[in-house]
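Student: These protein sequence lines map, in sequence, to chains V and A.
Quick note on my numbering: the first sequence kicks off at 1 and runs consecutively.
Quick note on my numbering: the second sequence kicks off at 1001 and runs consecutively.
Just so you know, the hints here were simulated from the structure itself, not pulled from any lab data.
The C-beta atom is built at its ideal place from N, Cα and C for all residues, glycine as well.
Be careful, since some hints might not be right.
Said to hold, decoys possible - Dumping the calculated DMTMM-like pairs for lysine to aspartate or glutamate here, alpha-carbon to alpha-carbon at most 20 Å:
# : chain 1 : residue 1 : chain 2 : residue 2
1 : V       : K138      : V       : E72
2 : A       : K1160     : A       : E1239
3 : V       : K120      : A       : E1107
4 : V       : K120      : V       : D98
5 : V       : K120      : A       : E1116
6 : V       : K120      : V       : E100
7 : A       : K1153     : A       : D1233
8 : V       : K103      : A       : E1239
9 : A       : K1155     : A       : D1233
Stated by the list, open to error - Ranges of calculated distance between the beta carbons of each label pair, as one might list FRET restraints:
#  : chain 1 : residue 1 : chain 2 : residue 2 : range
10 : V       : S101      : A       : G1227     : 28 to 36 Å
11 : V       : T114      : A       : I1011     : 53 to 61 Å
12 : A       : R1115     : V       : S52       : 22 to 30 Å
13 : A       : W1024     : V       : Q49       : 45 to 53 Å
14 : V       : S89       : A       : L1141     : 52 to 60 Å
15 : A       : G1127     : V       : P68       : 19 to 27 Å
16 : A       : R1159     : V       : R156      : 47 to 55 Å
17 : V       : G46       : A       : L1026     : 43 to 51 Å
Unchecked claim - Calculated from the model, a selection of chain V residues having no Cβ within reach of chain A, i.e. all distances over 12 Å:
#  : residue
18 : H45
19 : T65
20 : R94
21 : P112
22 : R125
23 : I131
24 : N155
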Amino acid sequence: MQAMEPAVEPPRCLHMKPTTIPGLLAALVLSLVTLSACSFPADMHGTSQKVSGSVLVVGILGADTAGPRETEIINRIAQHFDARLMWASGESHRLVSDLESGKVHLLAGAIPQTTPFSNKIGLSRPLAYTIIGDKRHKTVLAVRKGENAFLLEVNRAIGESP
Amino acid sequence: MKHYQQLPEDIVDALTHARRLEWWTLGFISSIVIVMYFAVGSSQAMKSAWAEDLLSLLPPILFLAATAVERKPPTEFYPYGFHRAGSLGFFASAMALTAMGGYLLFEAAMTLLNREHPSIGSVRVFGREVWLGWFMMAALLYSVIPPVILGRKKKKLARKLRDKILYTDADMNAADWQTGAAGIVGIIGIGLGFWWADAAAAGIISFSILNDGLRNTRTAFAELMDGAPRKIDAAEISETAKQIKHRLQKRNPNHRVQIRQTGRYIRAVVVPERHEAISQENAKLLADKDAWQLTEVSRAVSSTTALDAANEDDKR
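Using the sequences and the hints given, assemble the complete structure.
Tutor: Here is the structure:
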């Protein structure tokens, strides 16, 4: 984030209480102005920064390799961040917990949009389909919750949903 | 037969105006509820703001219902008429406001305790990736504007009409725009990377809503308990009621003045100081073995009788 410029307030603002509507609006406008200067939305744990020029750790749920469309998208993400790819596989609960703690940056492996993990993980836009039981589900990639800049980048790599 | 006295013209005008405002409110809030439904993501403040908008449909409905029936003539089943419809509606809307404050506080506390980090995705608009937070803020901004305008107008009318449902509704609208604004601040906070911003903003707002709700519930409780009329914006006895009581008291020494509020109207009863419950014999005359249930029989004086102590009661 960039340093804020020293506030030069005209004297007529002195009588303005911060609780009034104009006060709130002023705070809003001010923060919006500040926003345009730095990354918005930002990551809450800085995943984008950690991955940048380093390693992108991708966990695959329930399979050894990602599907072709998933692989293509993950490669695109790695390329964007100029990062080496590292694949992790294992038991799904452990992978989700690793995602929650930031050891894994991205989860793939035909995760349905209706995943029961949805309150623990952040979901991308749908990128393909999978059949579970006799129902067709849209599949997504998963990121750590609150990593909104990283999620935006993942969605950008997915592009149009099928 | 004239059951109620004529209302002054400006009060009638204000009532018509208030009813029109409430129809507008219903229309606007419904549109807000629909817009917000499509923009609600995983933002806590956003969900709360939506639930709250849904809840704030209640007071306008109650107001319209109460004003529609309150001046209907008494019936066999409602021999006192329908003035109390206002009291009942007030109680319900006060409870709704309290529930809203409580819900908001609970949700915010849970989010903070669980350290939930909200994820907000994006949508593709004309080939560009746009963060959903922007849409949420736009929806919230839309949800803020009508309540501000309507709420201010209603508060003025509510004071004039002594209408507590309308007043609670104005409080509800104030709560609406405040939670809307808190939602915007919360989403900006999320965008800046502060996971707690959203819940903290909602939590702070919830205190003032809860406070308004509890104060209104207290007054509504008093009204249903035949308490002395309360001020519209505080849980104190209203000046008008004090004045009526004082003047009646002066004209009727050795009497007690009982005063209470039914809806927006005030009713006063003057009873002799040594007034007792009806005697066993008299009660038996009227109710046979259920006599214990009958505790009072009063007789209203003709509408033009002087307000001074009735002579047959005071033998001085």
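Student: For each hint, tell me whether it holds in the structure or not.
Tutor: Here is how each hint holds up against the structure:
1. V:K138 to V:E72: 17 Å, holds
2. A:K1160 to A:E1239: 14 Å, holds
3. V:K120 to A:E1107: 17 Å, holds
4. V:K120 to V:D98: 11 Å, holds
5. V:K120 to A:E1116: Distance of about 9 Å is within 20 Å: holds.
6. V:K120 to V:E100: 7 Å, holds
7. A:K1153 to A:D1233: Holds, at roughly 16 Å.
8. V:K103 to A:E1239: 67 Å, violated
9. A:K1155 to A:D1233: Status holds; Cα separation ~10 Å.
10. V:S101 to A:G1227: 28 to 36 Å: Hint violated: Cβ distance 57 Å, outside 28 to 36 Å.
11. V:T114 to A:I1011: 53 to 61 Å: 57 Å, holds
12. A:R1115 to V:S52: 22 to 30 Å: 25 Å, holds
13. A:W1024 to V:Q49: 45 to 53 Å: 49 Å, holds
14. V:S89 to A:L1141: 52 to 60 Å: 45 Å, violated
15. A:G1127 to V:P68: 19 to 27 Å: Check passed, 24 Å falls within 19 to 27 Å.
16. A:R1159 to V:R156: 47 to 55 Å: The hint (47 to 55 Å, Cβ to Cβ) holds, given that A:R1159 and V:R156 are roughly 54 Å apart.
17. V:G46 to A:L1026: 43 to 51 Å: 46 Å, holds
18. H45: 8 Å, violated
19. T65: 26 Å, holds
20. R94: 20 Å, holds
21. P112: Holds, because the least Cβ-Cβ distance between V:P112 and chain A comes to about 16 Å, which exceeds 12 Å.
22. R125: 7 Å, violated
23. I131: 24 Å, holds
24. N155: 5 Å, violated
When the structure is compared with the earlier hints, violations turn up for hints 8, 10, 14, 18, 22 and 24 and for no others.
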